[in-house]
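Colleague: Chains A and B, in that order, are what the protein sequence lines are.
Just so we're aligned: 7 in numbering that gives the first Met the number 0 is position 8 of the first sequence, and the numbers increase by one with no gaps anywhere.
Just so we're aligned: 135 in numbering that gives the first Met the number 0 is position 136 of the second sequence, and the numbers increase by one with no gaps anywhere.
Please note: incorrect hints may appear among the correct ones.
Stretches of chain A that chain B covers, calculated by requiring three or more beta carbons in the stretch to come under 8 angstroms of a beta carbon on chain B [to be verified]:
#1 41-47
#2 54-62
#3 65-77
#4 89-97
Partial selection, computed: residues in chain A whose CB lies under 7 angstroms from chain B [unchecked claim]:
#5 Ala82
#6 Pro83
#7 Phe86
#8 Gly127
Cut-off 30 angstroms, straight-line C-alpha distance, at most; resulting in silico cross-link-like pairs (DSS-like, lysine-lysine) [said to hold, decoys possible]:
#9 Lys79(A) x Lys105(B)
#10 Lys121(B) x Lys105(B)
#11 Lys121(B) x Lys72(B)
#12 Lys72(B) x Lys79(A)
#13 Lys121(B) x Lys79(A)
If you're looking for bench data, these hints aren't it; they were derived computationally from the structure.
C-beta: ideal position from N, C-alpha, C; glycine also.
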Amino acid sequence: MFTQLFRRPDSYDDLSQLQRQVEALFSGWTRPQRHVAGPAFDVFDESERYRLVADLPGMRAEDLEVEVTEDGITVRGSRKVEAPEGFSVHRREREPLTIARSFTFPSKVDPEQVTATIQQGVLTITLGKRADTKPRSITVQSAA
Amino acid sequence: MTNAKNLETQPQAGKPTQPTRPVHEVGDRPVLAPAVDIFENADEYRVVADLPGVRQEDIDIDLERGELVVFAKRQLPREGEGLALGRREGDFRRVFRIPEDLDRSKVEASFDNGVLLIRLPKSERVKPRRVSVTAA
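Chain A extracted, bound-state conformation:
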């Protein structure tokens, strides 16, 4: 009941919420975060299609899941890195790799024209552009 009485106006609520968000943003800033960006990838626009290329060393086809809609794709997968049994460790730089990312493209893609292959630890996904979103050239005619 009292809480209802002393409730601040909504605008203050919004403000404190914003403040919390800003604080959350900066608290993450100071913490050392490695590999936040995840695996390295390239995206190309090859006029008829898009091509996404991601470095995923040690990942197999069965470790990966690709979901596609006309707005983009979502790629999920992970690899484990384990020390072989009975071995002592001198150096460990290779890290467990996780990819869980959605990619959107400047124009809609045709979900029927998507292929994904992984070779030598590199995932390549090609996505055909939807026909009705491709630029169409129109011949300009002179009105004689």
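Guided by the hints, dock chain B onto chain A, whose structure is given.
Modeller: Only chain B this time, still in chain A's reference frame:
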């Protein structure tokens, strides 16, 4: 047992190759140091390196003058307009100082899904040997 502690010498990223020890023509291409794991047991050392996008035939492994040099050429075919370019251009190279107790003739390497595994067996004389006591 622990002489592989400092197995690795500094990766010579970007440095020109010394004329007295021409390992590879690096030229102007950037050199990337791949992430590696190093393991050891009584029988062998194992070096594991991430080399995504490298063809097996483009990997060179040299054992020379107490060093293991791993070099892998990497081509990034780039066609069309780049909307995002996060993969770094360059070849992979890394140099390790190797212990003297290796049987160099038995070094093996395999490449699977962009991950290189080098197995460096120890020579017989350094392997611990179990001697069973027999009754007289």
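Colleague: Please go over all the hints and tell whether each is borne out by the structure.
Modeller: So, going through the hints one by one against the coordinates:
1. 41-47: Check passed, 6 qualifying residues.
2. 54-62: Three-residue rule met by the region 54-62 of chain A, so holds; n is 6.
3. 65-77: violated (count 0)
4. 89-97: holds (count 6)
5. Ala82: Cβ of Ala82(A) sits 6 angstroms from chain B, so the hint holds.
6. Pro83: 6 angstroms, holds
7. Phe86: 4 angstroms, holds
8. Gly127: 13 angstroms, violated
9. Lys79(A) x Lys105(B): 28 angstroms, holds
10. Lys121(B) x Lys105(B): It holds: about 9 angstroms lies between the C-alpha atoms, which stays within 30 angstroms.
11. Lys121(B) x Lys72(B): With a Cα-Cα distance of about 29 angstroms, the restraint between Lys121(B) and Lys72(B) holds, given a limit of 30 angstroms.
12. Lys72(B) x Lys79(A): Distance ~26 angstroms between Lys72(B) and Lys79(A) Cα, so the pair holds.
13. Lys121(B) x Lys79(A): Given that 30 angstroms is the threshold and the Cα spacing comes to 27 angstroms, the pair holds.
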